[in-house]
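Q: Taken in order, these protein sequences are the chains called A and B.
Going by my numbering, the first residue of the first sequence is number 1, and it counts up by one from there.
Going by my numbering, the first residue of the second sequence is number 1, and it counts up by one from there.
Keep in mind that the hints were calculated from the coordinates and are not lab data.
Any given hint could turn out to be false.
List time: in silico DSS-like cross-link candidates among lysine-lysine, alpha-carbon distance up to 30 Å [stated by the list, open to error]:
1) K107/A x K4/B
2) K248/A x K337/A
3) K248/A x K97/B
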Amino acid sequence: MVHRTRGNLIDWDRLEPLRKGPLREGAFTSPLHSERVAARLGLALAVAFGTCFLTGLVSHFMQHPAGWMHWPASPSWLYRLTQGVHVATGTASIPLLGAKLYAVGPKLFAWPPARSLLHAAERASLLLLVGGAVFELVTGLLNVARYYPWHFFFPMAHYWVAWITIGALVVHVAAKIEVIRRGLSKPLDTEDAKPGSLSRRSFVGAAVVAGGIVTLTTVGETLTPLRRVDVLGQRRGDIGPQQLPVNKSAVEADITTRALNPSYRLIVDGPQPFTLRLDQLRAMTQHTVRLPISCVEGWSVQATWSGVRVRDLLDRAGFDPSADVHVESLQTNGRYKESFLRTPISRDDRTLLGLRLNGADLDLDHGFPCRLIAPARPGVLQTKWVAKISLATGGDG
Amino acid sequence: MSGKPVGRAALILIGVGTAAYGVVGLFTALHGQALRSALIWFVGGAVVHDLVLAPIVATVGAVLCRVVNGNVRPYLQAGLLMSLAVTLVALPVASGKGYSGKNPSALPLNYWHGLLIALAIVWGATLLAAVAHVSRSRYARARRQESVQ
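Just need the whole structure built from these sequences, with the hints factored in.
A: Spelled out as structure tokens, the structure:
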């Protein structure tokens, strides 16, 4: 809301003949193009994007913790919750963003295009906001659909564009605060609403209902009671080997020969290093836990795991209890062929080298001969086909 | 205009700083083809929305206003808008582009079937809203007539 004429570099009156088509005064007559609609949808989107941003940060820093970060081991469903909320909120935002952009659409053709330098800067910042918001929702949706029609590494671009989007959102709220207050203070529909046209209330309602329907038909992939209506989710919690979905199969990881090799040995490399055959692992004290697999792509399932406590292995090898632990897979390539464990998760009773799942030996796709299973961790860090446990030496710990 | 110009200036500074951190981060983390691809998707999303999606929606809306009876139109508009949203969300999984036979538990459902179910919910909800509105206005009319008599 800048009302200065100072800084007006262009004499727009002389360019008035260019004002044609959607640039004409009164080109958009629908009552839906209203600050009353925009303020309400904008508020909902601000809450949704704020939630997506914070839960996204949780996911990012669980996977790439700064040196001082030690994530808690409890509640074990922490990541299940944050990432489920992240994907569900992003999905529900799609209809809301569409409706918001429709409500403010005519502003794209505002005349004069720029009243001042500040006004021009504010409008340019909208490209960052709209570009960023559409980028985040579209790339997130396509990632969940496991479709990557681009040349960048999705998590990296999605992460950095999130900072751009949230920054542009803060600028937008600051610039529009009076409009937002005014829009919210007035009722959506006025008495003179045209009969036979979609009311503003119905328009906002339709956006909310559409958000509800896309949530209802996808969120069952993480919210077990809604599993039966999960008709558009990337996963169904009970479809997969041993009734559990798989993020990366043995065939995809090209691991079958090595995982089934009878000469398999787990290497535990500490001050007192040792190796274990599969039958020796099985002969150790076994523990059973109920822990979720929670995928970055938003699905999660609780399962029953049995195996050897990682802590027992670390103590036997003479690890310092506070040490960071490096877990490596038999996989020779792929971004998730290794992971790192820190306290308190590395010392937690429930952090296992799992040998059995839901009462049977681990399926090859779930990481046979053994896999890491720990509480409150993204699934990609629950390293499968574990070959070696060692002391972490710097690196992306 | 603003009651608290200091608070607003602080918000703008925080926002600009945050966005700048993202821009620097993006340009540091991505290079060459990856960076170009990310920029194309960044600008492309907004451009496709503004130049393709929005004009189509506006045109369909304008056509509906001419050819459809005013009593039905609001419900048709709401139903179509919701259908568009649900279809856009379902298309990536329904397209089957991400499906790989190497991991059958990923994308295991018939998503065209799922989309039909979601559309049935959309139009069921729309019909329900229409019926509720008609019965409400009939009731109101009956009440008015009673009071006139």
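Q: Check each numbered hint against the structure and report the violated ones by number, ascending.
A: Hints that this structure does not satisfy do not exist here, as all of them hold.
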